[in-house]
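Novice: Protein chains in written order, with UniProt numbering: chain D, 1 to 350; chain B, 1 to 350; chain E, 1 to 350; chain L, 1 to 350.
Straight-line alpha carbon distances no greater than 25 Å define the calculated SDA-like cross-link-like pairs of lysine to any residue that follow:
#1 E:LYS268 / L:VAL210
#2 D:LYS268 / D:LEU341
#3 B:LYS119 / B:ALA39
#4 B:LYS30 / E:ASN55
#5 L:LYS30 / D:HIS28
#6 L:LYS30 / D:PRO29
#7 D:LYS212 / D:ASP173
#8 D:LYS209 / B:THR253
#9 B:LYS212 / D:THR255
#10 L:LYS344 / D:LEU26
#11 E:LYS212 / L:GLU265
Simulated from the structure, these hints should not be mistaken for laboratory data.
This structure is a prediction, so every number in the text was calculated from the model and none was measured.
4 protein chains.
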Amino acid sequence: MSGDFVKVAIVGSTGYGGVELIRFLLEHPKVEIVSVISASSSGAPITDGFPHLINLVVQNLDGVNVQEIAAKADVVFTATPSGVSGKLVPQLVEAGLKVIDLSGDFRIKDGAVYEEWYKHDAPGNDLLQKAVYGLSEVYGEKVKDEQLISNPGCYPTATLLGLIPAVKAGWIDPATLIIDAKSGVSGAGRGTSLTAHYAEINENFKAYKVNKHQHIPEIEQVLTDIHGSPVTVTFTTHLAPMTRGIMSTMYATLTGSHTNEELVELYKQFYEGRRFVRIRPAGQWPATKEVFGSNYCDIGFAVDARTNRVTIVSVIDNVVKGAAGQAIQNLNLMMGWDETLGLKNAPVYP
Amino acid sequence: MSGDFVKVAIVGSTGYGGVELIRFLLEHPKVEIVSVISASSSGAPITDGFPHLINLVVQNLDGVNVQEIAAKADVVFTATPSGVSGKLVPQLVEAGLKVIDLSGDFRIKDGAVYEEWYKHDAPGNDLLQKAVYGLSEVYGEKVKDEQLISNPGCYPTATLLGLIPAVKAGWIDPATLIIDAKSGVSGAGRGTSLTAHYAEINENFKAYKVNKHQHIPEIEQVLTDIHGSPVTVTFTTHLAPMTRGIMSTMYATLTGSHTNEELVELYKQFYEGRRFVRIRPAGQWPATKEVFGSNYCDIGFAVDARTNRVTIVSVIDNVVKGAAGQAIQNLNLMMGWDETLGLKNAPVYP
Amino acid sequence: MSGDFVKVAIVGSTGYGGVELIRFLLEHPKVEIVSVISASSSGAPITDGFPHLINLVVQNLDGVNVQEIAAKADVVFTATPSGVSGKLVPQLVEAGLKVIDLSGDFRIKDGAVYEEWYKHDAPGNDLLQKAVYGLSEVYGEKVKDEQLISNPGCYPTATLLGLIPAVKAGWIDPATLIIDAKSGVSGAGRGTSLTAHYAEINENFKAYKVNKHQHIPEIEQVLTDIHGSPVTVTFTTHLAPMTRGIMSTMYATLTGSHTNEELVELYKQFYEGRRFVRIRPAGQWPATKEVFGSNYCDIGFAVDARTNRVTIVSVIDNVVKGAAGQAIQNLNLMMGWDETLGLKNAPVYP
Amino acid sequence: MSGDFVKVAIVGSTGYGGVELIRFLLEHPKVEIVSVISASSSGAPITDGFPHLINLVVQNLDGVNVQEIAAKADVVFTATPSGVSGKLVPQLVEAGLKVIDLSGDFRIKDGAVYEEWYKHDAPGNDLLQKAVYGLSEVYGEKVKDEQLISNPGCYPTATLLGLIPAVKAGWIDPATLIIDAKSGVSGAGRGTSLTAHYAEINENFKAYKVNKHQHIPEIEQVLTDIHGSPVTVTFTTHLAPMTRGIMSTMYATLTGSHTNEELVELYKQFYEGRRFVRIRPAGQWPATKEVFGSNYCDIGFAVDARTNRVTIVSVIDNVVKGAAGQAIQNLNLMMGWDETLGLKNAPVYP
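Just chain D, same shape as in the assembly (with noise of 0.2 Å):
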């Protein structure tokens, strides 16, 4: 690294992930953006598509260019899509530069189940299995110093952050998950589509790629490793009509008998010493505007003693924890930093 700040570059620049990183970025008080960078309107100032922008970054967009991202940035985020991360990922490596990859393509690492998933050619396995899976909560300890870190899809944060602590103590049965999903239309991304439409998304609640979401195996991947044996779980995602926000309510039968109390106290040893992870009192429920904006995942429990099963609910911002938030903590990891930096704000509310 050179100079006083580390110079980042976005690829991908004009997605939400993309301004979302910006808008951090911009706040941090160790990083220097040094290129944002669009494969589709490179030429033109980001504030052509993005005036919110205006007066606060003044860069036009770059296009696609290793050699040129290399001589600028020692870092870059690619918040670009599915398959061109796979194929762009390993240049920016070779290149030398530090990665971390907003896209799905180095999560999997098994890349037969990725291709079953996500319907396209994996990366190479050598890369599949240096990238770092940044669930930073969970395995940041990995990420210091790495090269390649893979973020976390949106939905598997939610629901890890929530499942974890009470899989790794074995306090639930991983054979009885049940995973509901729900996600605002951001999710989707920028691109536009009939499914994306404000007159059918307004006022309307539905489902979608039940049991055939691209993070059941991720999921399932981050759990199997923490139980230390498989675990297939069901998991449904639904659309809510909101722009942000994810909650993941998940279903479990206890394989003993515990209070909310012991949840909370179970959870917040888990927890300790990070400040993104809230877990709220017994009985206290969290919402997804509880988080808007912000770089919290919050955590409720509750234990029914009918059917002993527990209940846990967790929810964040899925454009900042479930991407561009937890990039930016993960940087803050890579690089030996307060992992907090530049991401401390409290949510927007109302």
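We have chain D; now place chains B, E and L onto it with these hints.
Specialist: Leaving out everything else, chains B, E and L in the frame of chain D:
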């Protein structure tokens, strides 16, 4: 009954259930609205509070006076809060009126169970036993010629219509039932509270009353009846940022091996001839907007071979099929009319 | 006309205007839908794209074939884009069909003005002159027995109904007219674009096409006709984060001294006997939700003694009174029926 | 002032203005929040009502006690309702505190005018005259070293920033000014009422307080000051179905002949060096979402040669630039700091 039209009165005309009854009954070919009644706003034109009814309803609101109601009306809809109906309905029944009650006061047959979940006194046992539970497509035959119909709750309607055929056929294990339900805000009524404040609800998704919702015993009572032995469910309620609509996403382990197509066929047979339940083709998921403003309940399925579970999605408009629409459907059944009278309109889309 | 029902075809059935025509025509006592037509989706069931119509419309979509339409139908609604109608309507008229056109192609009598604002060629002058402008409450008498009705635009409908009585009476100075209009997103149709993307529209209020909207010459043409000499207006369009609804807030200097009550009286007299225009009492303001899903246009006033200006607020549902509803109202007038047939439903509230 | 940080207290911490002050002040490099105060919830943790602040604010709410405030704080923000501030602020000023008042109580210099529009008693004349009107970009110089700042209203901020350069330059005729303003619901505060009920606001656009809003005399007072002779405006307020955001669409007749480009240049010069006002290029219109969550005011123009009128569009986030953000900007100016301290964040998009 006298004359060509059945004369109906609506107690609770200034709630959302009340004005929705008015919207549909204005189009009903065999009904005349003879009195719109409100305990709180008696004497004022209903259009003071609901200007959308200008030119459509010219009556002033009447007060709650059982003798006056009996003098004018043949049938009364009581769209009154739980606790109020419990006291009023016995007087209306005593006065010889037919009553369709939209509160929850006459749904739970066991007074002790009622009091545990509703937190106040149950109505007398005689009337509890007399009331027929009006889930039209399931208990429609029992409704005919009865005097007191207890109209089902909004969540139970969506949930039970989605579960009963599979439970009855023994295709799913009721012990594994997990119900993740989502509702629009109108379900909580027109009363003002912080939890209904626009700025708190908009761009927000939240869980509430987890494991404690009073619709749980209602669902269990019916499933127990269908199944033949006690059924206990896990049931979670969420508030979605929309005005109307309920989705129940339901999970259960299959007892045998069944395909989506077989489930579609089972449900189509069960609901044969019933216009308001629409079974979606295998692989298609209903959305709440697709029933907005109408009396339809749409149901879809996804069998997951990996877990041997089925996911069932059921949607209704909570104000229509979950309240006013089904109440009118019950009126039709009670009178021996075609159940669709006054209810044939297509959903409003978009 | 043959048989008991008038046979109608709908070209453009897969747009929002088209499905709304279907929703209302299904309830119309004198109409049979004989063909739902879409240039882009011919051959498929309409319920593939619009599952809300399951059980209600079982027809497959037909292609655009003038001879087939003429063989089946008496009347055609052309809910086609501007430019398409201009080419299709002459053929339908030539084939002897009655046509109600929902595009803007036949509204502007002066082809040169059309081309200036619409930016493409105008239809031939003969048909432009033949077309009757179907602002039902103003030109309803002229619609009867005509063959080609040009259905008014959404903004002009709300605006003109709110201005005409005062302009005709000479109570306001047309030179001072400023019209600030707001619309829901459905007004722009079902086409996908970034400007219809949920995440871009939600929690957003924006201006667009300021001074350049193609509805400006339509408004001016009618006001000029009413006033008797040329009227030029300032007209601004805004997009509100909602699906349906238009509000025109209109400002003008009073020529004399008039009270709110006098304006109410003037408008009530002008619209006497017309069910779909509702003049609000002095001091009461209509809201778009109060006409949602219905054919009503509600109008309110505020005279400001300090400035001698009047503020007029007019609201409609853009998909109903601003498109499909008024088109059916024009069908009714064309056929000599009661103008309210099939359109009597109350607004959907909430 | 003692120590490194200025110590601030916030009265009215449990309103939307209060929690927004907290959100920004937590990031302010020169401020310490020493007391969060609420008349109604004293003693409870603020996170009981605002769980989004968990981990961020650990203080309990204090009661309103002038002596305690004076003992702890240097500066007080009074985000209290109109009427309450009028009584509290004199005591705080008397106790030697610097006060930035967010109510409207000290904006109108003429007590009689205040009472006509606010419908209750005005504060004493001495303090009315002492209070400096903190429209930062216009009266910022006057704010420095003052003790009592009256923070502008949300509508006046958007409106005045959009009008003042043109009025001051004499380019528009103030007698022709018509202001059509739209606001999100948060502007009405967190109090519960039917007019804030989600089901009444969602999918609704409504006018309110037409010609009667208390921000009218505030706008006129400032425009009169700028223009040099009395200005009277037509001002209409609307409620849009969104949480945050104000747009003022403003119409005036040009006194001479000016192009959009000239207006852009005039405004850029007027606001030179002021980061928070962004003048859009000719032909580009700002939208409320483009300033969401930030202290920006964005302004665009359209001259209409046909009418010789200009349309000016000005947008702000009502909770930030219209309340808490400008209040902090005024704190910065009062202290002689860079006006952007703590306020630099980009808008949250989408």
